[in-house]
Amino acid sequence: MTKCSVLRIYIKPNPRKLQTLSQLLPINRAMSSPAPPKPTKIRQACDVCHKRKIRCDGCRPCHNCQSTNSNNTASPPTLKHLSESPQITDSVIRWCLDAYFKHKYPLTPILHRPHLEQTPRSTEQYGLITACCAVIALSPEILPPCPVEDNFTIPSADFLIAETLRAREYCNLIEHPSLMHIQTSFFLHAAFFSMDKDNSAWYYLQEAITMLQTLRLHEETTYNDDDASDTVFVKYAQRMFWVLFITERAYALQRNRPIRLQDTLKLPGVDPMSSDAEILRGFLDLISLFRPFGQDFISQWNSPTSSTSADFANLFRLQYLLKHSLPNLSNHSQVQQADLLISRQWLKIVVWKLCASKRVLSTANSEDVMSLHYPASIARDIVLVSQLVPTQAFEANGIGIVEKVFDVGCSLADLLSLVPLEYQGSTMDVGVIDTLMETVKIVGTRFGGSYRHLDILVGKASGCLLMNVDRSLPPLDHDESNNVEEI
Numbered sequence: 001m002t003k004c005s006v007l008r009i010y011i012k013p014n015p016r017k018l019q020t021l022s023q024l025l026p027i028n029r030a031m032s033s034p035a036p037p038k039p040t041k042i043r044q045a046c047d048v049c050h051k052r053k054i055r056c057d058g059c060r061p062c063h064n065c066q067s068t069n070s071n072n073t074a075s076p077p078t079l080k081h082l083s084e085s086p087q088i089t090d091s092v093i094r095w096c097l098d099a100y101f102k103h104k105y106p107l108t109p110i111l112h113r114p115h116l117e118q119t120p121r122s123t124e125q126y127g128l129i130t131a132c133c134a135v136i137a138l139s140p141e142i143l144p145p146c147p148v149e150d151n152f153t154i155p156s157a158d159f160l161i162a163e164t165l166r167a168r169e170y171c172n173l174i175e176h177p178s179l180m181h182i183q184t185s186f187f188l189h190a191a192f193f194s195m196d197k198d199n200s201a202w203y204y205l206q207e208a209i210t211m212l213q214t215l216r217l218h219e220e221t222t223y224n225d226d227d228a229s230d231t232v233f234v235k236y237a238q239r240m241f242w243v244l245f246i247t248e249r250a251y252a253l254q255r256n257r258p259i260r261l262q263d264t265l266k267l268p269g270v271d272p273m274s275s276d277a278e279i280l281r282g283f284l285d286l287i288s289l290f291r292p293f294g295q296d297f298i299s300q301w302n303s304p305t306s307s308t309s310a311d312f313a314n315l316f317r318l319q320y321l322l323k324h325s326l327p328n329l330s331n332h333s334q335v336q337q338a339d340l341l342i343s344r345q346w347l348k349i350v351v352w353k354l355c356a357s358k359r360v361l362s363t364a365n366s367e368d369v370m371s372l373h374y375p376a377s378i379a380r381d382i383v384l385v386s387q388l389v390p391t392q393a394f395e396a397n398g399i400g401i402v403e404k405v406f407d408v409g410c411s412l413a414d415l416l417s418l419v420p421l422e423y424q425g426s427t428m429d430v431g432v433i434d435t436l437m438e439t440v441k442i443v444g445t446r447f448g449g450s451y452r453h454l455d456i457l458v459g460k461a462s463g464c465l466l467m468n469v470d471r472s473l474p475p476l477d478h479d480e481s482n483n484v485e486e487i
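According to UniProt numbering, the residues represented by the sequence shown are 1 to 487, in order.
These are computed hints drawn from the structure, not numbers from a lab.
These numbers were taken from a predicted model, which means no experiment stands behind them.
Think of the CB as a built atom: it goes at the ideal place given N, C-alpha and C, for glycine as much as any other residue.
Careful: at least some of the hints might be erroneous.
To be verified - Cut-off 27 Å, straight-line C-alpha distance, at most; resulting in silico cross-link-like pairs (DSSO-like, lysine-lysine):
1. K460 to K441
2. K197 to K358
3. K197 to K460
What the hints assert, rightly or not - Derived DEER-like restraints, expressed as beta-carbon distance ranges:
4. P114 to S417: 52 to 58 Å
5. G431 to G463: 16 to 22 Å
6. D98 to G459: 37 to 43 Å
7. L466 to S156: 37 to 43 Å
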């Protein structure tokens with residue numbers, strides 16, 4: 001028998017650019033003018049194929065139903081297919097959300113609580129909630145006291161992340177991204193960053209940015225569309241862009257990564273009558289800290305090049321901006337004050353490191369922003385901030401703020417190990433060794449402690465201390481040397 005070959009021709013449709021903002025809305029609501037139905041592919045077999053026990057191609061309508069003119073139906077993948085874990089009760093969810101909106105929301109104001117608490121929950125909504133809970137599980141010190149009558153505990157971060165990923169198996173993130181999926185990916189990034197899993201943290205940060213760009217939420221024209229009538233969506237989509245903008249730049253500086261997001265949106269507006277007004281003012285201050293660290297700076301940071309005539313002027317301008325930024329923080333929340341003040345000092349150290357690599361520093365006193373000894377002044381301010389702002393305000397910031405203090409402490413230790421003792425008295429602050437010891441104490445105790453960072457910083461500080469003690473001892477004369485040998 002002769003085999004016949006069938007030539008199948010697949011025609012790839014032209015990609016269709018999103019035209020209206022209403023196509024992007026993740027909120028479950030009826031659409032006033034739905035687009036014409038088109039076949040969509042999901043994971044579940046249609047009801048007809050399931051009943052006939054035949055293979056289904058997953059399209060709506062599928063090939064079998066088109067051939068037989070059958071009604072092609074399938075129930076959407078809701079929580080009746082994804083059963084909620086009994087460990088994640090409404091009480092646990094409420095407990096975690098209370099902690100988030102009190103301590104984390106001022107730093108990342110990206111969630112709208114009424115939408116989160118809508119019932120019945122969708123799989124997308126469940127995934128976002130469990131991802132947010134995972135971040136809270138990694139900062140148990142910010143959880144409010146558990147009511148005695150409830151006597152429940154929060155599941156582990158690993159379990160909550162697994163629940164998030166399980167929920168995502170029922171969603172098509174690639175073909176149907178949404179703001180809620182972007183928020184979920186961001187929380188996964190934050191959780192993995194806290195767990196010191198850098199590859200996973202980088203992956204989910206990139207995933208969030210990719211979905212944001214797929215939906216064109218980084219373009220101002222998206223929000224100028226005539227159909228942009230959902231003010232809640234517009235507000236939280238714009239905030240999500242700026243949170244990713246800040247996070248990507250901070251992570252790029254911490255882990256030597258490239259950046260993709262540019263300064264393409266207008267800053268969020270502040271309604272003086274809004275309950276979020278003070279939070280947004282602090283949020284705008286945080287944006288202003290990171291905006292100058294654009295593509296040019298990140299490229300130089302990741303691949304330092306030889307110094308040019310323009311380097312000194314550009315780096316001096318950055319240090320000057322940082323020194324004179326944040327003129328008034330008294331009206332900001334304590335959580336925001338901790339984040340802003342520590343981030344500013346850390347960014348000064350980042351610029352100082354690049355200046356050192358380009359050899360454009362002077363030997364002026366430590367108050368000079370272009371001085372080799374500037375870390376002494378920066379570290380002293382870090383210690384002062386840690387004494388003025390409550391510990392819980394620091395703890396709400398998580399491991400990220402510990403890393404920033406750690407970077408400052410390491411830079412000061414490196415400086416002390418290099419600068420001859422005779423220069424330290426004239427160019428550095430008195431008690432600079434004490435300042436270094438205080439930064440060690442901060443890293444080890446103030447934020448719940450980070451043993452990984454503490455071990456490294458203690459090693460640097462100990463070596464620096466011994467080196468300075470050795471330098472301060474007078475050289476032994478010949479007779480004393482002989483006596484030592486006899487002992």
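Kindly confirm whether 16 to 22 Å is satisfied by the beta carbon distance between G431 and G463. With a Cβ separation near 19 Å, G431 and G463 satisfy 16 to 22 Å, so the hint holds.
Is 37 to 43 Å a correct range for the gap between the Cβ atoms of L466 and S156? Because 41 Å falls inside the window, the suggested range holds.
What's the verdict on K197 and K460, does the C-alpha distance respect the 27 Å limit or exceed it? holds (24 Å)
For the pair supplied as a hint, K460 and K441, is the alpha-carbon distance within the 27 Å limit? The hint holds at about 13 Å.
Need the status of pair K197, K358: alpha-carbon distance at most 27 Å? violated (31 Å)
Verdict for D98, G459 (Cβ pair) under range 37 to 43 Å: Holds: the Cβ-Cβ distance is about 40 Å, inside 37 to 43 Å.
Outcome of range test on Cβ distance (P114, S417; 52 to 58 Å): Cβ of P114 to Cβ of S417: about 55 Å, so the range 52 to 58 Å holds.
In the structure shown, a violation is registered for the earlier hint numbered 2 alone.
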